[in-house]
Amino acid sequence: MSMLKRIAAGALGTAALVTTPLAMSQDNVELTMYYPIAVGGPLTEVIDGLVADFENENPNVSVEAIYAGNYDDTRVRALSAIQAGDSPDLSVMFSIDLYELLGRDVIVPVDDLVDTEAEQDWLDSFYPGLMENGQTGGDTYGIPFQRSTIVMYWNKDAFAEAGLDPEQPPQNWTEMAEMGQQIRSASDGERWGAMIPSTGYPYWMFQALAFQNGHRLMSDDGTAVQFDDPAAVEALEYWVDLTDQYAAMPDGTIEWGTLRQNFLEGETAMMWHSTGNLTAVKESADFDFGVAMLPASEQRGSPTGGGNFYIFKDTTDAEREAALDLMQFMTAPERAANWSIETGYMGVSPDAYETEALESYVADFPPAAVARDQLEHATAELSTYEGGQIRQALNNAIQAALTGEQTPADALADAQRQADRVLRRY
Amino acid sequence: MMRAHSERRRMQIYGALLLLPAALLLGAFAYLPIVLTTVRSLFLPETASQPAEFVALENYAYLFDDPVFWKVARNNLIYALVTIPASIAIALAMALLVDSRMPGRGFVRMAYFTPTILPMIAAANIWMFFYAPEIGLFNGLLGWFGIDGPNWLGDPTFALPSVIVMTIWKEAGFFMIFYLAALQTIPPELREASALEGTGRWEHFRRVTFPLLMPTTLFVMINALINAVRVVDHLFILTKGGPNNATNLLLYYVYETAFSFFDRPYAAAITMMILVFLGLLAAVQFTVVDRRTHYQ
Chain H
0 MSMLKRIAAG ALGTAALVTT PLAMSQDNVE LTMYYPIAVG GPLTEVIDGL VADFENENPN
60 VSVEAIYAGN YDDTRVRALS AIQAGDSPDL SVMFSIDLYE LLGRDVIVPV DDLVDTEAEQ
120 DWLDSFYPGL MENGQTGGDT YGIPFQRSTI VMYWNKDAFA EAGLDPEQPP QNWTEMAEMG
180 QQIRSASDGE RWGAMIPSTG YPYWMFQALA FQNGHRLMSD DGTAVQFDDP AAVEALEYWV
240 DLTDQYAAMP DGTIEWGTLR QNFLEGETAM MWHSTGNLTA VKESADFDFG VAMLPASEQR
300 GSPTGGGNFY IFKDTTDAER EAALDLMQFM TAPERAANWS IETGYMGVSP DAYETEALES
360 YVADFPPAAV ARDQLEHATA ELSTYEGGQI RQALNNAIQA ALTGEQTPAD ALADAQRQAD
420 RVLRRY
Chain F
0 MMRAHSERRR MQIYGALLLL PAALLLGAFA YLPIVLTTVR SLFLPETASQ PAEFVALENY
60 AYLFDDPVFW KVARNNLIYA LVTIPASIAI ALAMALLVDS RMPGRGFVRM AYFTPTILPM
120 IAAANIWMFF YAPEIGLFNG LLGWFGIDGP NWLGDPTFAL PSVIVMTIWK EAGFFMIFYL
180 AALQTIPPEL REASALEGTG RWEHFRRVTF PLLMPTTLFV MINALINAVR VVDHLFILTK
240 GGPNNATNLL LYYVYETAFS FFDRPYAAAI TMMILVFLGL LAAVQFTVVD RRTHYQ
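Chains as they are written, first to last, in numbering that gives the first Met the number 0: chain H, 0 to 425; chain F, 0 to 295.
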């Protein structure tokens, strides 16, 4: 944060104190917070519990936490509410909504609100890889909350039945394809080798493949994308080949929403999905399963994903302070640890993994640490200006290739053309 | 002379006042939005750093050049051309069936009407699991016969037909109610008269019952047409318009453009196209179809 901003913020704060004495400390503050859920499990109850705990500790703050659908629904609701003059005070939204929110000028940088040393320590406590999508131009806007990477769940029983070592998940692309092929043929076509979801968030899965192939899809400042790079084309070709060449994956698109059920019913031996599904899978699987980092091509890799906290512009100083308190509360190590245990999402800071609760949980259930360990191979999720349209263009290209309507090269070239048009003003 | 004049004036004001509430409502919720939408469609979207820029017809020019728009328009045309006649025919057949004397009539009527009571979102959620490729009901049934069922919603060949089938299932029960009501207003003497003349059942239906149902058919047709453009809820659950826009329909595309991409001006341009098209259809309906509907 610039010195000037800090002084300005301080001056404003003082002015408010002078004109309305006591207002900051005594008055009751009412916060409205939106949050999304994109994976399975009864997560609304967990959030309600966290909010209730916060209200007990902070009797002068009341929080209305509103479940707002998936990530896209939440963005739409928040932005519509803002336009209608009824802005929420803070919200959990897609970590990659940053440029969209900046483009609309509706959020404030969190580092401007941080003034004590303890608050600064808190801001510095998160994994840097998770901060990447929340920062731009030297400011921090998004605070990591329900964060994930893509992990590979594999069915150990299915591996054993196909004559594979159940403890040995594929390490690279070739192994994954060949193991998938073997599982498919060993089961007489009863079971698929692998499923990578291609509805919901196909660009996310594709980004993992492209990054494993050594390619980053977008520029650092969110103004340009490189979808038609040869490395990206090769990544999409591999994805198509899993079906066409290896017959390890079913034809057509694979549904994000029903994939977990497919895996639980043993219809596929491997699935790529958000780590946010981990606890739900753990609780329902009636077979032995493992969780691994995604296989490598040139390198390992997965984009980070999930939701960050944002604070909106249309808030008073008192509301911003209370929102900051709430975010600190929700991301404190013990609660981050608990959240991770309840859901499978990552503990957002190293401190969370050092709590007793999460440490013993990980010791007992090692898959819980895979998403964190994979962070070291992670990249920021696809985030650009006009992100919705850019992602949609890429999603369409991926689906066109997977359904055989276009070759991977043609599809990605089309997506690149559309993206260039959409980004022409930046 | 003076008196008559002021009397007429009074009546005019009286008449105007009677019209006022409807005029206000229509103005506020129909005409004003149309004007605002038209104006908005002539700009580029505003961002924090750039105000909305006037670009005249650029959005419309892009629209004619936008392959997605044409794909979506074609999808919607197919959707309408299949769902409208199919749901009307099935509705009529079901109404005739439950209008006749049959055991368990009340139960069958209720069963036919059930899909209408379900919210579209709930129905779509159920159907999503019917259609799911490995674990779904349909492929499970096909599996009994040794058929390896397709990926209903994930394969562009099957995706739109799958959405259409669900829509017909949902709509037909609703339209059946109108037909059932209409059938019960037809006097039974007509059937008796036909019987006296020795007219067969099919002949009676073709020459008497069906023509008498024409006003209902017109009403149902207009409703089905509106629904074909209006119903998008199921897309949110079933396909999100995918794969690769294979099931995207006009209103969903408008929603996506306006609320996912925040390109309100372009969404406004698409909306205007829909409006013009529906306006033309309404004109045809009023001038041509309506005149040939009523049985004289």
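Keep in mind that a hint or two might mislead.
What the hints assert, rightly or not - FRET-style restraints, in silico, Cβ to Cβ:
no.	chain 1	residue 1	chain 2	residue 2	range
1	H	D220	F	L25	45 to 51 Å
2	F	V107	H	E166	53 to 59 Å
3	H	R420	F	G142	51 to 57 Å
4	F	F106	H	E404	23 to 29 Å
5	F	L277	H	D104	44 to 50 Å
6	F	L96	H	E404	40 to 46 Å
As the list claims (entries may be wrong) - To give an idea of the interface, some chain F residues facing chain H are shown, with a C-beta separation under 8 Å as derived from the structure:
no.	residue
7	E133
8	K239
9	Q284
10	T286
11	D289
Stated by the list, open to error - Footprint (simulated), chain H over chain F, 3 or more residues, beta carbon under 8 Å:
no.	region
12	88-97
13	184-193
Note that these hints are calculated values from the structure, not bench results.
Computed from a predicted structure; not experimentally measured.
Each residue gets a CB set at the ideal place from its N, CA and C atoms; glycine is no exception.
Hints the structure fails to honour: 3, 4, 5, 9, 10, 11, 12 and 13
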